[in-house]
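Spelled out, the chains give:
2 protein chains.
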Amino acid sequence: MNSRIQRFTELFCEIHDLSEIGGLLEWDQSVVMPPKGAIQRGRQTAIIARLHHERLKSAELGDLAEELWAAGGLDEELRADLREIRRARERALKVPDDLVARRAEACTLAQVAWEKAREDDDFPAFGPHLQEVVSLTREMAEAINGDQPYDALLDDYEQGTTEADLKPLLSRVRDRTVALLDRIRGSVAAPLDRSILERAFPVSAQEAFARRLVTDMGYDTDAGRLDRSVHPFTIGTFRDVRITTRYDGSNLATALFASIHEAGHALYEQGLDAERYRAPAGRPCSLGIHESQSRFWENLVGRSRPFWRHYLPVLKETFPGVLDDVSVEEFYRAINVCEPSLIRVEADEITYNLHVILRFELESELVAGRLAIADLPGAWNQKMASFLGTQPPDNRKGVLQDVHWSAGLFGYFPTYTLGNLYAAQFHEKLREDLPDLDDRLGRGELAPIKAWLNSHIHRHGRLHFAGDLCRRVTGRPLSVDPSMGYLEDKFGEIYGL
Amino acid sequence: MNSRIQRFTELFCEIHDLSEIGGLLEWDQSVVMPPKGAIQRGRQTAIIARLHHERLKSAELGDLAEELWAAGGLDEELRADLREIRRARERALKVPDDLVARRAEACTLAQVAWEKAREDDDFPAFGPHLQEVVSLTREMAEAINGDQPYDALLDDYEQGTTEADLKPLLSRVRDRTVALLDRIRGSVAAPLDRSILERAFPVSAQEAFARRLVTDMGYDTDAGRLDRSVHPFTIGTFRDVRITTRYDGSNLATALFASIHEAGHALYEQGLDAERYRAPAGRPCSLGIHESQSRFWENLVGRSRPFWRHYLPVLKETFPGVLDDVSVEEFYRAINVCEPSLIRVEADEITYNLHVILRFELESELVAGRLAIADLPGAWNQKMASFLGTQPPDNRKGVLQDVHWSAGLFGYFPTYTLGNLYAAQFHEKLREDLPDLDDRLGRGELAPIKAWLNSHIHRHGRLHFAGDLCRRVTGRPLSVDPSMGYLEDKFGEIYGL
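Quick mapping for you: the protein sequence lines, in order, are chains L and V. So the mapping is simple: our numbering equals the position in the first sequence, first residue as 1, plus 1247. So the mapping is simple: our numbering equals the position in the second sequence, first residue as 1, plus 1247.
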């Protein structure tokens, strides 16, 4: 029996090592690869993906998993690993290789078409490609779960959560956010001013400050790197977790919050159990929980008043003379301007969820076949008007703005808002456990926060599904109340509602 | 038949793609990997090596190769690919996996022991590790070629060349070099002065100059990168070929010649046939030929007088005020000082070969079992005295200086001198084809040199063995005369012999 467990462990660890290699190929491509290396890189990525898939589907792994599962009497960790491997195999075996290949090719073509269509503001040119991706995605989803295809997609990112769970949750977020926005629109307080963030901030000093911040958060730079890329991201795990950010010399917020956000992701990966990070159930719990870690640091810590009591003086030292006239209160308000806008990745803390929910509602209809591709831009614009009271002047700033759908990432968007919800609920619990949190933040003490997240979230990996993890950590199922309550209180105070 | 060829091609291309991935892992580890990532990287490297080995040994590849080989009537390229694959498989199949694993482990331990022994100047502590590596290397070599084990090792780096070929060749180099050194020692010319290379050269300007030089050589930086590392190297192929160098702010020569050297290697990889670079016989011919390309640029071009007629003014502009007093003649002499020294990697153009031949003679005896490990330091020092007229004060500057033996790289050293010999013989032919080469160099025209190497050497890959390639390019078998004649003429003139 022990030799069986040992072999099973070897096999899943190797599968993990292959995925680490895939991550490195991706990091290299985004950060340092010479441009002409793309064709060779495409082949390298393909062979790693194929090897990963082959090993997951291998009969040896399958036989061992079934044998151990049937034997019973295993510890909780191993049971969770078996659960993960059996589920991943089931998904892989239900979808024909040919369909996987056709869908991958359709996505590659769709992404090229999307880039061009966005450049030309030509949605009709992109439509047939998107149609093909949606059709093949639906075919794949139906092969996995014929009754609830969207759940099959969601399951890849947020295991244990269904469309039926999401709909009421996200509708409540939507309605309370729209109501909050209405109140903010009617506010009679003085208009907020973020122009202090748009002064001249030399990029090298921004980089120094970003390094200081992520190090203070507890990000171990001997087990990671901070680089630049077009879109900020985190890649890697455990002792090689790399983050990127982007800099704008006339906007302090861009690099600042991207760095905090990515370092939040990185702390999760660096905080996994050293004995378990290569195991299927030792990996991070879900995309929603991953996003909760980045949002936790970015918004609940990084956009809080006490945090800037400590860091505004550091910022002033970093940019001599640039922010001398700015008070903590002015800075706090500048980084918390709420203003409905067109682009998701530029949205503020309140309106961000509306961008996400709009996409969730549309993709849910697309996958169900209830919304035709030709009607998508109109549906987009209508929801923008209804949720945010604004409409894009063209499809570039509307339905063509995100890469996700062309890349076949259906079921991914809702994890962004789940992240916000989990983050706020965890934060509520953290405040109970550390009643003097604000005082600590005001002294720049971030270590207790990291330690709390390490022990309550990170080290548990995906031993439990996200919803169960939330119940265990906070004592309650996931609810919109902590997040919406936090937003209503915070912005109610800022806007004098 | 065509489908058989197609499948055979697919299989060997995938093996190549895996080796590209291995190269990237190595580059990343040397240039950007966070220090704590080493353990994960070790596993990633191991799984890629194992996959490479498994695929090479696979029955499918073997059966296809034998079937195609037996069928005959194939074109020259495919015959060469079959030759390469059959040979690589034969080697892989003759060596038991267990021996491969034991030897790999012994090398890993020996490298750690070597690093420590070098630090402590404690050869006896390293001895047993080296003994183990030598024993297992001999066992492996005998499994491949029981009659001529050293040839089995050499064959991995310099296919088609034997110890019996090398011995007379390298003895002639040794004897003519020792004689040349004697004449230089007796020279009555004014002593050469390289202090002008040891002024203050800001590293950022050195880097700018290195980039300018390698770009002028024709190195495509859109298909490569220039970075820093502890030891300069080149990794990658075709459209992703990365070079590194190292900088010393008070020594201009270090980064300068390392950059030219590595760019010479890189031009070879970038110059491979676009249709063939993933094929076994489309890869570079041998280590000796590879080294000929780096030495060609470093010494025959980069240490020539006409090259600096063009580049010294550029250098003066790059370091304003630092070299104003230096003439082309003084600079030429400063970069061509001949001075017997203890460390191979710091040796000049003449004495370098003696460092190599010393190692070749010793490792040949070690592998044959005619030299005991305990006697190695003494044998080393004796040869140093006899070849170079100097002896190391300790083993750190003697037998412990190189990583090669601890890494199991026996049969590798001679390729360095073969590189010098091939380079000079190619250079002689280039001068016949381009009689106005010096005038072109004096105008900074490097493109015709690259074009000549591309068409005569690079694009042929390893269709022919190194010796045959040399005959085809120069019309003659490899000889020591071009190289020794070049050195005798050049240094005869410099030292007024």
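Treat the hints with care, as some may be off.
Identical copies look the same in the list; a pair holds intra-copy or inter-copy alike.
What the hints assert, rightly or not - Quick list of in silico lysine to any residue cross-link-like pairs, SDA-like style, CA-CA up to 20 Å:
id : residue 1 : residue 2
1  : K1737     : D1344
2  : K1563     : E1445
3  : K1644     : T1501
Hints listed in this document are in silico derivations from the structure and should not be mistaken for laboratory results.
When the hints from earlier in the document are held up against this structure, which numbers fail? Violated: hint 1 alone.
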